[in-house]
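Chemist: Listed in order, the protein sequences are those of chains A and B.
Using this note's numbering, you'd call the opening residue of the first sequence number 790 and step up by one each time.
Using this note's numbering, you'd call the opening residue of the second sequence number 790 and step up by one each time.
Hints may be right or wrong, so weigh each one.
[Claimed, not checked] Pair ranges (Cβ atoms, derived):
#1 E873(A) to K840(B): 28 to 38 angstroms
#2 E825(A) to E819(B): 46 to 56 angstroms
#3 S889(A) to M847(B): 28 to 38 angstroms
#4 K833(A) to R850(B): 49 to 59 angstroms
[Stated by the list, open to error] A short, non-exhaustive set of chain B residues, derived as facing chain A with CB atoms under 10 angstroms:
#5 I799
#6 R800
#7 M847
#8 G849
#9 F866
#10 L885
#11 R921
These are computed hints drawn from the structure, not numbers from a lab.
None of these values were measured; they are calculated from a predicted model.
Just so it is clear, CB atoms sit at the ideal spot from N, CA and C, and this is done for glycine as well.
2 protein chains.
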Amino acid sequence: MLAKSTEYAIRALVFIQLQNWQDKRTGVVEIAKEIEAPEAFTAKVLQTLTKHRIIASMKGRGGGFFFTETSDQMTLFQVIQVMEGESIFHKCGFGLKNCSDANPCPMHDKYRTIRDGFFAIAQSETIHSLSRKVSEGKAVLNRVSFLN
Amino acid sequence: MLAKSTEYAIRALVFIQLQNWQDKRTGVVEIAKEIEAPEAFTAKVLQTLTKHRIIASMKGRGGGFFFTETSDQMTLFQVIQVMEGESIFHKCGFGLKNCSDANPCPMHDKYRTIRDGFFAIAQSETIHSLSRKVSEGKAVLNRVSFLN
DNA sequence: TTATAAAAGGACAACAAGGTCTTTATATAA
DNA sequence: TTATATAAAGACCTTGTTGTCCTTTTATAA
Ligand code: FES
Ligand code: FES
Chain A
790 MLAKSTEYAI RALVFIQLQN WQDKRTGVVE IAKEIEAPEA FTAKVLQTLT KHRIIASMKG
850 RGGGFFFTET SDQMTLFQVI QVMEGESIFH KCGFGLKNCS DANPCPMHDK YRTIRDGFFA
910 IAQSETIHSL SRKVSEGKAV LNRVSFLN
Chain B
790 MLAKSTEYAI RALVFIQLQN WQDKRTGVVE IAKEIEAPEA FTAKVLQTLT KHRIIASMKG
850 RGGGFFFTET SDQMTLFQVI QVMEGESIFH KCGFGLKNCS DANPCPMHDK YRTIRDGFFA
910 IAQSETIHSL SRKVSEGKAV LNRVSFLN
């Protein structure tokens, strides 16, 4: 569904949010480890997010990535848009050049329902809302095992 | 959502079904033109479908692709499975190694609903049901314009 | 029986996504 | 002011998907 880079972005943002709530600023190395993603690639993802003001960054000693007040309450939709665009929310499920109510493909009615449902999730869920679930222990950020 | 090759496969199958209903057997060239896909690539897709008995084929003059009685009523799920596997129906939307009710990611509840909804569509819709919509004029197979 | 029209198969080319590495810029601490 | 820790940037590599081309097989018609 989502591109791998988008998944990394979302997981990284949730982790950064959790760290921020503990008044910690965190860097690439720690983030990559936590979200179980390759370090250099995570750096690129964070660079993209920073360039688009989803998060802010500080270079040098004690630097790292963090949310500002204005970059807070970011919706999943905004993150997806920045990472891979929003074509996923407009695409025809049957592969036609565009999706059209007036000239529907045979999957249109049902596919559109699903696609719009996903759009609704992307609009209603935020980095905040996801992070809250994790901090309340209702959800997990990774599958790091305690064994080994 | 679906791989391009899967989309080509579904569109091709619908067209073959429509042709079969008119007692016509059709070949790669015509299929590729109708579904607006590259000819050589369409040939590969049809080869895969034939190998997995989704459709049957005949070589030589007057040959082409067609459904048999046993390959009829194929669900979208079966086509997807053959073309790209079924990982799409099991994947964690947040990118974790696996999806788990017991150990959910923060997107799990909502994402699972969407994913399962898509699975339900894939199970309930068939090449038959899609083709019927097209033959009844309720849906279109392509976006070929009448202008030009 | 031969020519022809088709699918099957295999090799490979093009492109996009994912991923790595090295250098540069910048902030902080000693 | 210098050493160090960090992000930014750019060049590159790897892999998977999409797409092409050429040869082989097989059925039909002449
Ligand atoms: S026209 Fe295909 S999904 Fe809308
Ligand atoms: S655990 Fe992520 S979708 Fe189920």
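Chemist: Give a verdict on every hint.
Modeler: Status of each hint after checking the structure:
| no. | hint | verdict |
| --- | --- | --- |
| 1 | E873(A) to K840(B): 28 to 38 angstroms | holds (33 angstroms) |
| 2 | E825(A) to E819(B): 46 to 56 angstroms | holds (48 angstroms) |
| 3 | S889(A) to M847(B): 28 to 38 angstroms | holds (36 angstroms) |
| 4 | K833(A) to R850(B): 49 to 59 angstroms | holds (55 angstroms) |
| 5 | I799 | holds (7 angstroms) |
| 6 | R800 | holds (6 angstroms) |
| 7 | M847 | violated (27 angstroms) |
| 8 | G849 | violated (31 angstroms) |
| 9 | F866 | violated (13 angstroms) |
| 10 | L885 | holds (5 angstroms) |
| 11 | R921 | holds (8 angstroms) |
Going through the hint list in order, the structure does not satisfy hints 7, 8 and 9.
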